[in-house]
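J.: This is what each chain is made of:
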Amino acid sequence: MAAERKSLSGRQFRAILKKDIVMELRTFEMLTSMGLYTLLTMVVYFVALAGAGQDFDVRKIAAGLIWLAFVFTSLLGLNRSLVHEHDQGVLDALLLSPIDRPVIFFAKAAGNFIFITIVEALSVPVFYFLFLQGKGFGGPLWMLPLSIVAASIGLSGIGTFLATMSVNSRGKDVLLAVLLIPLIYPLLLGAVSAASSSIVGGPHAFSEFWQAMGFIGGFDVIMLLASFGLYEFIVGA
Amino acid sequence: MARNKTTIATLALGGLLTTAAFLMAFLWAPMTDFGSVNIGGAEIARPDIAQKIFYFHVPVAEASFLVFFFVALYGALFLAKKDRVYDTKARIAAEVTLMFVILTMISGDLWTKASWDTWWVWEPRLTTYFIMTLLVVAYFVLRNSIEDEERRATYAAVFGIVAFLDAPLSFMITRWYRSIHPVVIGGASGSWLFGPRLVTFIVAQVGMLALGYAIYQLRMREELTKERIEAAKAALEG
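Protein sequences, first through last, are from chains A and B.
For the first sequence, the residue numbers in the numbering used here are 17 to 253.
For the second sequence, the residue numbers in the numbering used here are 137 to 374.
Just so you know, these hints were derived from the structure itself, not from any lab.
No experiment lies behind these values; they were computed from the predicted model shown.
Where is the CB? At the ideal position from N, CA and C, for every residue including glycine.
Worth double-checking, as some hints may not be accurate.
As the list claims (entries may be wrong) - Sample of chain B residues facing chain A (criterion: CB under 7 Å; computed from the structure):
(1) I267
(2) V277
(3) V294
(4) L301
Unchecked claim - Distance windows between CB atoms, simulated:
(5) A:A109 - B:V277: 25 to 31 Å
(6) B:D253 - A:I37: 52 to 58 Å
(7) B:A371 - A:G105: 35 to 41 Å
(8) B:K217 - A:D116: 19 to 25 Å
(9) A:L138 - B:A216: 43 to 49 Å
(10) B:I180 - A:A64: 48 to 54 Å
(11) B:V335 - A:W158: 55 to 61 Å
(12) B:R364 - A:T48: 51 to 57 Å
(13) B:A371 - A:K34: 48 to 54 Å
(14) B:I338 - A:L84: 40 to 46 Å
(15) A:K34 - B:R357: 52 to 58 Å
(16) A:S25 - B:E283: 32 to 38 Å
What the hints assert, rightly or not - EDC-like, lysine to aspartate or glutamate: derived pairs with alpha carbons at most 16 Å apart:
(17) A:K35 - A:E45
(18) B:K218 - A:E248
(19) B:K217 - A:E248
Just chain A, same shape as in the assembly:
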């Protein structure tokens, strides 16, 4: 019985995830809007840094700039992913079907994680191309993708959770930002610190990186557990 149930949850999880991916592949709505938004952010960065001169070492703030773009583009994507469900009544249909609520949560969060990670994977090379050419990395390169993936887990988890609340409210986009940004503050600080260890490097890059990763991991676990436990209440309300 238990094995059967487990495989059933797995199939339900895959079905919801597949639905999101197929829908995205047909329209490319989320990926194009998020990607374009990131590019526009880069233009704003150029304007912001235009007066800083040639001596200014962009690497010192690069990790922060990258994450700034990620946070705002994620806000856009997270909102999109649930606004569709809400407007077309998909969420209600999912709730009517005999699927465990946590399965819905994990499937939606996994979908958002995939889209956010794709956009991040595309925008980091663009950022490098536009701002860091010829500067070189101070620390090991593998740290950067690892920290981005680890932090994106927490970001998409808590983001999906909060977006489910904000779609049911007035002023959806603003509310999501107001709820999400203070909550992910610890995650952001960890993520920027870990990414900085890779970009800037320095003698303590390794120990700093792993400590930051410890914080990111801790945040991921605590917030995913909390979202997992509380999701039933918010979709039921």
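Here the structure of chain A is known, so what remains is to put chain B in place on it, guided by the hints.
T.: Same frame as chain A, but now just chain B:
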């Protein structure tokens, strides 16, 4: 009616104790100093007058954390029992938290300016507190943007719990982050807190908690009366 009397008594006690603590802080508790200077052969202590705000600032800050805990606790109780009264309790607790948080920010900022000569510094306690302020504000923004009553209560309860979990994480990460990027200015240590200073501090703390409790009870009574009037109006019209 017995409850009313307790509330009034607590309010009076809170007012009395905080006023007493204010006087004690200036008239009784010995001045702390930054060490001493040698002027013309005589050792003269350099007084730290700004430290007096400690007897106000720290009790207010600790009260805010305690009341914030109740926001999460009543939120959890609401989710467990689905009783609307817990939602009202959580909301009023959040209001009291907001009051204490604002007082802490103001008093803390004055102290920062006097003691570190800057209005703002991204120091772990200040940063965490800033994030906490934003979370409490977000709690009210969330409440205001949802019309359905039960949904509002549920979302607020859930957010209250998550926000309470977030506060210690913010503190730990900021302290760690600043320790790898050291700042010159540090906080005060606790070694001077004994005798009259400790007593003053405790009086202020108890007084502040009593005030917080009394304000909570008064607001709660106001809310309950409001609800009864609304119910009566609905019954008359219906």
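J.: Go ahead and decide if the range 25 to 31 Å is satisfied by the Cβ distance of A:A109 to B:V277.
T.: Because 30 Å falls inside the window, the suggested range holds.
J.: Take the shortest C-beta to C-beta distance between B:I267 and chain A; is it under 7 Å?
T.: holds (5 Å)
J.: Range hint 19 to 25 Å: satisfied by the CB atoms of B:K217 and A:D116?
T.: holds (23 Å)
J.: Regarding B:D253 and A:I37, is the given constraint of 52 to 58 Å on their beta-carbon distance met?
T.: Because 56 Å falls inside the window, the suggested range holds.
J.: Does the Cβ pair B:R364, A:T48 satisfy 51 to 57 Å?
T.: holds (55 Å)
J.: Can B:L301 be said to touch chain A, with a Cβ gap under 7 Å?
T.: holds (6 Å)
J.: Do the numbers back the hint for B:V294, that is, is its least Cβ distance to chain A under 7 Å?
T.: holds (5 Å)
J.: Grab the minimum C-beta distance from B:V277 to chain A and call the hint holds if it beats 7 Å, violated otherwise.
T.: holds (5 Å)
J.: Determine whether the Cβ-Cβ distance between B:I338 and A:L84 falls within the hinted range of 40 to 46 Å.
T.: With Cβ atoms ~45 Å apart, the hint holds.
J.: So does A:K34 sit 52 to 58 Å from B:R357, Cβ to Cβ?
T.: holds (54 Å)
J.: Does A:E45 sit within 16 Å of A:K35, going by the straight-line distance between their CA atoms?
T.: Holds, at about 14 Å.
J.: Look at the Cβ atoms of A:S25 and B:E283 and judge whether their distance stays inside 32 to 38 Å.
T.: holds (34 Å)
In the structure shown, no violation is registered for any of the earlier numbered hints.
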